[in-house]
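Student: Per our numbering, the first sequence starts with residue 23, numbered consecutively.
It is worth saying that the hints were derived from the structure and are not from the lab.
Any given hint could be a false lead.
Label-pair restraints from in silico Cβ distances [stated by the list, open to error]:
{"#": "1", "residue 1": "K272", "residue 2": "Q121", "range": "29 to 39 Å"}
{"#": "2", "residue 1": "D367", "residue 2": "A27", "range": "38 to 48 Å"}
{"#": "3", "residue 1": "L162", "residue 2": "K93", "range": "46 to 56 Å"}
{"#": "4", "residue 1": "K399", "residue 2": "E433", "range": "21 to 31 Å"}
{"#": "5", "residue 1": "N374", "residue 2": "G94", "range": "46 to 56 Å"}
{"#": "6", "residue 1": "N182", "residue 2": "A268", "range": "45 to 55 Å"}
{"#": "7", "residue 1": "S408", "residue 2": "N182", "range": "28 to 38 Å"}
{"#": "8", "residue 1": "Y206", "residue 2": "S256", "range": "31 to 41 Å"}
{"#": "9", "residue 1": "S387", "residue 2": "K93", "range": "50 to 60 Å"}
{"#": "10", "residue 1": "S215", "residue 2": "E193", "range": "23 to 33 Å"}
{"#": "11", "residue 1": "A269", "residue 2": "G94", "range": "19 to 29 Å"}
{"#": "12", "residue 1": "N225", "residue 2": "A269", "range": "26 to 36 Å"}
{"#": "13", "residue 1": "R393", "residue 2": "D367", "range": "20 to 30 Å"}
In the DSSO-like style, the derived pairs of lysine-lysine whose C-alpha atoms are separated by at most 27 Å in a straight line are [claimed, not checked]:
{"#": "14", "residue 1": "K85", "residue 2": "K243"}
{"#": "15", "residue 1": "K272", "residue 2": "K243"}
{"#": "16", "residue 1": "K243", "residue 2": "K219"}
{"#": "17", "residue 1": "K198", "residue 2": "K186"}
Cβ coordinates follow ideal geometry from the N, Cα and C atoms, glycine included.
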Amino acid sequence: MNLKAPRGTKDILPPESYLWLEIEQVVDDVARLFGFDEIRTPIFESSALFKRGVGETSDIVSKEMYLFSDKGGEEMALRPELTASVVRSAIEHNLISQQGALQRFYYNSAPMFRYERPQMGRQRQFHQFGVEVLGAASPLADLQTIAFGIAVYNRLGFKNFLLKLNTLGSEGSRTKWRSELVAYLRDNLDALSDDSKRRLEDNPLRVLDSKNPADQVIAAKAPSILDHLDTGDSDHFEELKVLLDAAGIKYEVTPTLVRGLDYYSRTVYELTSSDLGSQDALCGGGRYDGLIKQLGGPETPAVGFAAGVERLVIVLQKMRGAAERPAIDCYIAVQAENARKTLIDLASGIRNAGSSVMYDLQGRSMKAQMRDADRLKSRFVLIIGSDELARGEVTLKNMQTGEQRVLPVAEASNLKLS
RNA sequence: GCGGGCUUAGCUCAGUUGGGUAGAGCGCCAGAUUGUGGCUUUGGAGGUCGGGGGUUCGAGACCCCUAGCUCGCCCCA
Numbered sequence: 023m024n025l026k027a028p029r030g031t032k033d034i035l036p037p038e039s040y041l042w043l044e045i046e047q048v049v050d051d052v053a054r055l056f057g058f059d060e061i062r063t064p065i066f067e068s069s070a071l072f073k074r075g076v077g078e079t080s081d082i083v084s085k086e087m088y089l090f091s092d093k094g095g096e097e098m099a100l101r102p103e104l105t106a107s108v109v110r111s112a113i114e115h116n117l118i119s120q121q122g123a124l125q126r127f128y129y130n131s132a133p134m135f136r137y138e139r140p141q142m143g144r145q146r147q148f149h150q151f152g153v154e155v156l157g158a159a160s161p162l163a164d165l166q167t168i169a170f171g172i173a174v175y176n177r178l179g180f181k182n183f184l185l186k187l188n189t190l191g192s193e194g195s196r197t198k199w200r201s202e203l204v205a206y207l208r209d210n211l212d213a214l215s216d217d218s219k220r221r222l223e224d225n226p227l228r229v230l231d232s233k234n235p236a237d238q239v240i241a242a243k244a245p246s247i248l249d250h251l252d253t254g255d256s257d258h259f260e261e262l263k264v265l266l267d268a269a270g271i272k273y274e275v276t277p278t279l280v281r282g283l284d285y286y287s288r289t290v291y292e293l294t295s296s297d298l299g300s301q302d303a304l305c306g307g308g309r310y311d312g313l314i315k316q317l318g319g320p321e322t323p324a325v326g327f328a329a330g331v332e333r334l335v336i337v338l339q340k341m342r343g344a345a346e347r348p349a350i351d352c353y354i355a356v357q358a359e360n361a362r363k364t365l366i367d368l369a370s371g372i373r374n375a376g377s378s379v380m381y382d383l384q385g386r387s388m389k390a391q392m393r394d395a396d397r398l399k400s401r402f403v404l405i406i407g408s409d410e411l412a413r414g415e416v417t418l419k420n421m422q423t424g425e426q427r428v429l430p431v432a433e434a435s436n437l438k439l440s
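Go ahead and model the full structure; you've got the sequences and the hints to work with.
Tutor: Next up, the structure:
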């Protein structure tokens, strides 16, 4: 039997796993700097949550969800995204029941599931980190989520990314704009691609960010949301731009940016990287002022983003080459007979003093142990040889300089080598 | 879900119009070095040629089916 990981899933093997660890540590670190709290929600939820939250007409819900019935006959879904779950959780535990309640959540390396055709940067199980700020209507909250994301990318040494910014208006202004847009697209139906004719029925806003050149010509002349904003919408958008300028964050207003989830309102944004293929979005997010009420909670403004970890890993590997295993502090090479007690004592002593220690587990030759130490990039090797051991001593070798010195076992077991 | 390309050792790949026990580099293991790594050198292990079926005296190569990866579309992180 030839067993393989399911299509669209991937094993994360060392040394790549060290890159994941680094990303997770950076995200945790940035979250600490911003004062965000971690939230973890179940990997599966009642499918009704996503149908109501993400939108039944969206592709994510209508075609891409992993659905199953549990033994009690409930229809469950592996989560395709996290915003709906976070909102569900906040409502369920009354975290935003009071006026003025504010929650700043983040999540890290959280697995998501979508049944799609795999491609570079697109898998069926993939991982996201992201933030959700619940309870703040101010553009300051929008800015904070963007700044959070950018802080993560900056700390990882990113250069080639672009922040695309747009607004979709609030419910009233968007509805008006949307009907004008649909009317305009109907007038130009013949010029649209087949995909966009279908989009016009399912999700007309998405015609605007079609990659088809003919569609793009139509989209360029389409009614713009920017001309239909009400005062509140445009104030919000203008204020956000001022804040971004003040924060020194470069952006590009992209009127065709609409995003695929139904719950967005006002601000939407994407960070894209030219180092990715056609799946070029590193992170996407926006404001969803209507979602919490729609899922049965109090009317509460909210904003957040989700970022793909696999895509980040792809870009990082392009930037710095393959990941490497971090060096260890000390390798203990054993040459003497009956030295196991000494070996174990030394190893635990040095570990307790805070340095990393490894040693051979296969009874290999001295030469093989030294080669092993070299490949592990160990800074020091502690050699337990029979002659020294008879005198209660061991040899410490500095692998960079090649220098060696002999020292008592008792002293060696307290070594701080890092 | 649609269209194109690819799949040979752990990794990167070669394999001529079908012809003999399938190759290279790197990596891995061991010896040269009788208690000491990197460099060098010698040797060794490792392959159902993605899987199944077919054509043929003969298939890694040709045909069909299938799986996976990949590029674009769709969708989106």
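Student: Please go over all the hints and tell whether each is borne out by the structure.
Tutor: Going through the hints against the structure:
| no. | hint | in the structure |
| --- | --- | --- |
| 1 | K272 x Q121: 29 to 39 Å | 36 Å, holds |
| 2 | D367 x A27: 38 to 48 Å | 42 Å, holds |
| 3 | L162 x K93: 46 to 56 Å | 47 Å, holds |
| 4 | K399 x E433: 21 to 31 Å | 25 Å, holds |
| 5 | N374 x G94: 46 to 56 Å | 50 Å, holds |
| 6 | N182 x A268: 45 to 55 Å | 24 Å, violated |
| 7 | S408 x N182: 28 to 38 Å | 58 Å, violated |
| 8 | Y206 x S256: 31 to 41 Å | 21 Å, violated |
| 9 | S387 x K93: 50 to 60 Å | 56 Å, holds |
| 10 | S215 x E193: 23 to 33 Å | 29 Å, holds |
| 11 | A269 x G94: 19 to 29 Å | 49 Å, violated |
| 12 | N225 x A269: 26 to 36 Å | 32 Å, holds |
| 13 | R393 x D367: 20 to 30 Å | 25 Å, holds |
| 14 | K85 x K243 | 31 Å, violated |
| 15 | K272 x K243 | 26 Å, holds |
| 16 | K243 x K219 | 17 Å, holds |
| 17 | K198 x K186 | 24 Å, holds |
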